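Enquirer: The residues making up each chain are set out below.
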Amino acid sequence: MDKILIPRGLQRTSFTKFLIWIFPWIALLSLGIYAIYLCLAEGLFHTNMDNRFAFGIWIFLDLTVIALGAGAFFTGFLLYILRRKELKAVINSAVVIGLICYSGAILVLAVDVGQPIRAWFTFWHPNVHSMLTEVTFCLTCYLIVLFIEYIPIILKNRQLRSIPKFLVFEFELHKLMPVFAGIGTFLSFFHQGSLGGLFGVLRGRPFAFREELGIWPSTFFLFVISAAAAGPSFIMLTTWLVEKITRKQLVKPEVYKFLGKVSGTMLIAYVLLKSIDTLFWINSTSPGNGFPAFEFYATQSFGTWILFTEIVILGLIPALILLSSRLRENRKILLGAGFLVCTGIMLNRFVMTIQTLALPTLPFDDFLTYAPSWEEVATFLFVVAYGMLLYSFTYRYSVIFPQERELAQLNGELSQQEFADSGNAKKSWQPKFISDLLNKFVSTKS
Amino acid sequence: MLPWVYEFHWTAFHITFLSIFFTVFAVVVSTVFVAVKRTQRAEQNRTMDEIQWRSDFADLSPAMKVCRHEMNGDVKHRVCDHGFDCRSCSVHPLLISKQTKTPLLQFEVYGFTMPPYRMYHRGHTWVQQEDDGTYKIGIDDFGTRIIGSTYSVELPPIGTRLSVNGKGMVVKKANMDIRLLSPIDGEVIEQGDSEKGWYLKVKANDSKKVTDHLLKTDEVPNWILREMERLQISMATSGVGITLADGGELVPDFHRHFPNADWDGILGQMFLEA
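Same order as they appear, the protein sequences are chains S and H.
If you count by the numbering used here, then the first sequence holds residues 1 to 446, one letter each, in order.
If you count by the numbering used here, then the second sequence holds residues 447 to 720, one letter each, in order.
Worth flagging that the hints you see were computed from the coordinates, not collected in a lab.
Here the structure is a predicted model, which means the values were calculated and not measured.
Treat the hints loosely; a few may be bogus.
[What the hints assert, rightly or not] Going by beta-carbon spacing under 8 Å, a handful of chain H positions derived as facing chain S:
1. F467
2. F471
3. V473
4. R484
5. A488
6. M494
7. I497
8. S507
9. A509
10. V521
11. H523
12. I679
13. S680
14. D710
15. E719
[Said to hold, decoys possible] Result set (BS3-like, lysine-lysine): computed pairs, CA atoms no more than 30 Å apart in a straight line:
16. K165(S) with K619(H)
17. K544(H) with K17(S)
18. K248(S) with K261(S)
19. K618(H) with K252(S)
20. K88(S) with K662(H)
21. K483(H) with K175(S)
22. K483(H) with K88(S)
23. K522(H) with K88(S)
24. K261(S) with K165(S)
25. K85(S) with K522(H)
26. K244(S) with K261(S)
27. K175(S) with K511(H)
28. K175(S) with K613(H)
29. K3(S) with K618(H)
30. K3(S) with K511(H)
31. K3(S) with K613(H)
32. K165(S) with K522(H)
33. K257(S) with K3(S)
34. K511(H) with K248(S)
35. K483(H) with K165(S)
36. K257(S) with K649(H)
37. K165(S) with K649(H)
38. K613(H) with K662(H)
39. K165(S) with K511(H)
40. K88(S) with K613(H)
Glycine is no exception: its CB is placed at the ideal position from the N, C-alpha and C atoms.
Here chain S stands alone, though its shape is the one from the complex (with noise of 0.2 Å):
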């Protein structure tokens, strides 16, 4: 039905199952579009947030997606600006995962802010002493430039691809990749560094505090380094993903070997620099803000193993496997480390969110619990919902693995060998398979 709108020589499962698909996300969806509504129309009573925890699901999930989404910016620049040509097959994923990622947690701040109305405030007015500026700033401006990325992918498609001035567009919109892959590294860099700067300012809450290095908190350094070592991984795993959901192999084997080896690199990185500043913070930090460190973790219910899982379980260890050429000719075990990687992550924005807001920082304050409403939760899963559709359309309609079409070749050229060399292929030269192939496919001449 909407074949004419598939990418020619790529195969793509019939309209209707493609229908089956979508249905349970569009539900989700829709869902969530009312609970947004609620939020927006009604007030944010509809979340379980108050004044003393106003950092909920959103702000932890916000954090976590935007570090995930840093696969757009990280691979940009390693393409664009480094000429690592093996990424070339996975840009087109990470942009649309970027983009999802960032439009997505924009979307939640909105909501989250409350005053969609008055959304326009943060650039008419801004509080230039704010990291939250600069965030907003660079997340606007880092979603205009990653909306642009996707331009190209989505004149990818078949029909928009007839139209000769798309075309050209689409072309020299490509060959300008590296000034906005330029760019986006700048704005990320920024935007990431200023979400962790974000703690250089909560003197409040000596848990998550950092001092200055310069004008920036050493958590300014690892939410940019932490991001550019998720990213690659979570690229890894949405295009594993990906294949086992089509059934296709999209990418060479070498692309996850090279992801996991960047992602590793990254991550040893960001382990030493985390151990560095938990020392740090154990050590000076935190007693000279009147609380020894392991006060933190002595009676509430996040004791010291959160730290040692964040550090060692889901920080270390995988960035050894990842380093590891051996461990990473396994796939399971190569998938297995970037999923800690992911994992850690979330734990390190949970642990920043949260559990900051959790810890009571005066003699009077309780440990304070909180579980999201289903608003919450619901506009979180609008944003899942959101993404799986977007990426399910490009997929469908535009070619986002370029080595799709010469891996399909590939594999039936090696289908035809294995069948030639098996027996089945001897047994089938025998009259009946032979004369019907024949009769079929070529005409014989003596």
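Please arrange chain H on chain S, whose structure you already have, making use of the hints.
Expert: Coordinates of chain H only, in the frame set by chain S:
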């Protein structure tokens, strides 16, 4: 106070922050503007065909971009990066000068009629020089067989300027439009049809290198062998499944025997259209 910025003050922090922001914004806007301007210029300079081909060529797999000299055995491995236009390739003249093969004069190549007096384009069109210096263009036998019997051809009007690897003609079959690449540069001076055996007569540009990039008769067997393999593979990945077709020849209306195959994809691949 700067325009558009509320409560701006002439402090180092304000100036730095807003300068960076406006610089980034200006770079983004101007880059998009450059892309739009280049698109307009391409339209005016009629380089659309070239861009379309460069875009299509970039999307071809390395296996489809094998250099003619690899097919001939002149080099072990080489992927074309000149869009099959050997006239702009610096290696091609060197390799051609080393060739010592005697041209074969065979009409039949693996069952296909490929007359030796014609030159062949990788997109399955042929070129034949006439006595008056003009060139006839047609679809080669391989291309004709995979297109099948029932089709129509949309030809460029007389006076149209063709460019190598630009749109030469469009084959219309069922719901498919297949763009065939022009094998040479020149101006269309006459239209033909399938009964005449050729589709276009072209007055070539005044260049000695009009046909240098085309495959000559002694290159055809190796190329056709590769094309047979390519067809076999694209069929295996286009809904036909595994075929084992070593030996034998393509039937004249190959298309008819596999009505359920993804012919749009197969023909797109064989005629080098992404």
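Enquirer: Decide, hint by hint, whether the structure agrees.
Expert: For each hint, the structure was consulted:
1. F467: 6 Å, holds
2. F471: 7 Å, holds
3. V473: 6 Å, holds
4. R484: OK, holds: R484(H) within 8 Å of chain S, min 4 Å.
5. A488: 5 Å, holds
6. M494: Hint holds; M494(H) Cβ to chain S Cβ min 5 Å, cut 8 Å.
7. I497: 5 Å, holds
8. S507: 3 Å, holds
9. A509: The hint holds - A509(H) has a Cβ within 8 Å of chain S, the shortest such distance being about 6 Å.
10. V521: With Cβ-Cβ at 21 Å, over 8 Å, it is violated.
11. H523: 16 Å, violated
12. I679: With a minimum Cβ separation of about 5 Å from chain S (threshold 8 Å), the hint on I679(H) holds.
13. S680: Nearest chain S Cβ about 7 Å off; hint holds.
14. D710: This hint holds: D710(H) lies near chain S, its Cβ roughly 6 Å from the closest one there, short of 8 Å.
15. E719: 7 Å, holds
16. K165(S) with K619(H): 25 Å, holds
17. K544(H) with K17(S): 56 Å, violated
18. K248(S) with K261(S): 23 Å, holds
19. K618(H) with K252(S): With a Cα-Cα distance of about 35 Å, the restraint between K618(H) and K252(S) is violated, given a limit of 30 Å.
20. K88(S) with K662(H): Status violated; Cα separation ~35 Å.
21. K483(H) with K175(S): 13 Å, holds
22. K483(H) with K88(S): Holds: K483(H) and K88(S) sit about 26 Å apart, inside 30 Å.
23. K522(H) with K88(S): 26 Å, holds
24. K261(S) with K165(S): The hint is violated at about 40 Å.
25. K85(S) with K522(H): Measuring from Cα to Cα gives roughly 23 Å; hence the hint holds.
26. K244(S) with K261(S): 22 Å, holds
27. K175(S) with K511(H): It holds: about 21 Å lies between the C-alpha atoms, which stays within 30 Å.
28. K175(S) with K613(H): Answer holds: K175(S) to K613(H) is near 23 Å, not above 30 Å.
29. K3(S) with K618(H): OK: K3(S) and K618(H) at ~17 Å, within 30 Å.
30. K3(S) with K511(H): 27 Å, holds
31. K3(S) with K613(H): 23 Å, holds
32. K165(S) with K522(H): 39 Å, violated
33. K257(S) with K3(S): 34 Å, violated
34. K511(H) with K248(S): Measuring from Cα to Cα gives roughly 23 Å; hence the hint holds.
35. K483(H) with K165(S): Cα-Cα ~11 Å, so holds.
36. K257(S) with K649(H): Violated, at roughly 53 Å.
37. K165(S) with K649(H): The given pair, whose Cα atoms are some 28 Å apart, holds under the 30 Å limit.
38. K613(H) with K662(H): 22 Å, holds
39. K165(S) with K511(H): 26 Å, holds
40. K88(S) with K613(H): 28 Å, holds
Checked against the numbered hints given earlier, the structure breaks hints 10, 11, 17, 19, 20, 24, 32, 33, 36 and satisfies all the rest.
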